[in-house]
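2 protein chains.
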Amino acid sequence: MKTVTIHAPATIANLVCGFDVLGMALNDPQDIMTISLRDEPGLVIEHSDGYQLPTEPEKNVAGAALLSMLEEAGQGIGFHLIIDKQIKPGSGLGSSAASSAGAVVGANYLLERPFSNEDLVRFAMAGEKLASGVKHADNIAPCIYGGVTLIRSIFPLDIVSLNAPDLYVTVVHPQIEVKTSDARQILRKDVKLKDAIRQWGNIAGLVAGIMKVDYDLIGRSLEDVIIEPVRSILIPGFDAVKKLSKECGALGGGISGSGPSIFMLSREQKVARQVEIVMKDIYTQAGIDFKTYVTTINSGGVRVVGA
Amino acid sequence: MKTVTIHAPATIANLVCGFDVLGMALNDPQDIMTISLRDEPGLVIEHSDGYQLPTEPEKNVAGAALLSMLEEAGQGIGFHLIIDKQIKPGSGLGSSAASSAGAVVGANYLLERPFSNEDLVRFAMAGEKLASGVKHADNIAPCIYGGVTLIRSIFPLDIVSLNAPDLYVTVVHPQIEVKTSDARQILRKDVKLKDAIRQWGNIAGLVAGIMKVDYDLIGRSLEDVIIEPVRSILIPGFDAVKKLSKECGALGGGISGSGPSIFMLSREQKVARQVEIVMKDIYTQAGIDFKTYVTTINSGGVRVVGA
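Chains A and B are the protein sequences, given in the same order.
Per the numbering used here, the first sequence starts with residue 1, numbered consecutively.
Per the numbering used here, the second sequence starts with residue 1, numbered consecutively.
Don't read these hints as lab results, they were simulated from the structure.
Being a predicted model, the structure only gives us computed values, none of them experimental.
Glycine included, each C-beta is placed from N, C-alpha and C at the ideal position.
A portion of the hints provided could be inaccurate.
Said to hold, decoys possible - Per the computed footprint, the stretches of chain A lying under chain B, defined by three or more beta-carbons under 8 Å from a beta-carbon of chain B, are:
id, region
1, 108-120
2, 151-162
3, 179-189
4, 217-227
Whenever a hint applies, use it, and build me the whole structure from the sequences.
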């Protein structure tokens, strides 16, 4: 029986001014999964973590992704998947994307790679549909490709791999619940043209900064005048985290996905560690449980190890 | 008396999905200007073209730009400027920007370059204010810097020079009047969030395509779902020009500035020439006078020659 181990990275979608189109992969946390080819058809899914996620393939995001893959790979194939989830569900760090993306990358490896990365994104999006009701790719794509990725368009799917800037990422996950559906509902359906112009100036600046490796430009472009002002009210401590992190020297940051996690980008590890201290202080004082990470941008995406 | 000759390129502002933030300089047409240091203070402006533009410095866009420069350079200085305008006023090809930018670049040269390019953009914006009532930089910046430029922000001014892609540009100027103020008035003040997202996906794709020199990506990203659908109704023949140009193999294009000129980008000169034939046919059949250009992207901006 062929078995491989998979490391599937956490991801930050809705990268500041890149709502719905820009995402980024992290080196920590990562889900660990093992996947084997079965001797018979069908999917068997187990969890070795304590999150009580469903194991029926149709109700499990990795299962939904694999089922979507098997529609094209052939129904005679079977996989056994064991998931050790390190990325907490509901954290806003792409937990469901890591399961979906990790499963299809591993399965593709076992099948000797009949599918392209773009195919794998398509399959994994079936997992996102199950998780959130919407087929979105801004966690899936960076999870599979690594680095910062642009999803220029979903229909048709158009993924553009950008560079992975040499930056430190400090993340805090305040342990409160923000439902993606709530976070989406509070957004206004219309935006002011002048705000939209400012936003597309910023995303153009952010992409240019990433491609030119111009960290000052990246910093100046990390501004979201449309989504963040609305969504940040769902996250206690957001304004303080942002203000004090920038005072420590962080380039900027924002809400990870639809929250509640918050991330800040820094050029130096020392600054990233200071930002972590600031985050810890804020949530300790607020009496809210939290978890922090100081990590870097993952440039390779899902990794097959121990094959 | 020191005299220099200046070539100031036409520019395309509002580059498709980059409304208000992206502009591009062209190698043809270009305004020709000569500027000399006078022995006494004050500005003397003449035109050697037939456009009957005002010559009083306060009413002339180049004059307004120079006056703005003299506020910082010192009032004791005087210039004599002769403008041979090749870029027709009201064409949507940055005619006023070429006068303003050309004048301040030439004056800066004569003063032995005390000012940075960013300073020169600031001064030249005084000319744009006179021409259109608004201090905008999306013609001025590419005119001075060359290539494709991003104006990430006007206040504070933040100009990002991108590459100059190796593309052919076909331009048609149908000789109808579209007032910038009318073109601005018909825009809705609010836009749908889903359209804004699509637009910022496209501008991110366009910037990435320019930086990665990925012409297919540039082509896919040349889509404007917000401004063009509204403004194109002011330009007879627009839809036909766009549709038939793409059928000839053009990557895409759109309205130049606020019109009425239309531009199309092509990878090959042969295609750019075919696009020109299509444009000529459409306006000949419509009985509308027009002028066409087949040119390339200007990479250097305003040029001081014959010093």
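Hints, verified against the model:
no. : hint    : in the structure
1   : 108-120 : violated (count 0)
2   : 151-162 : holds (count 6)
3   : 179-189 : holds (count 3)
4   : 217-227 : holds (count 4)
In this structure, only the earlier hint numbered 1 is contradicted, and the remaining ones agree with it.
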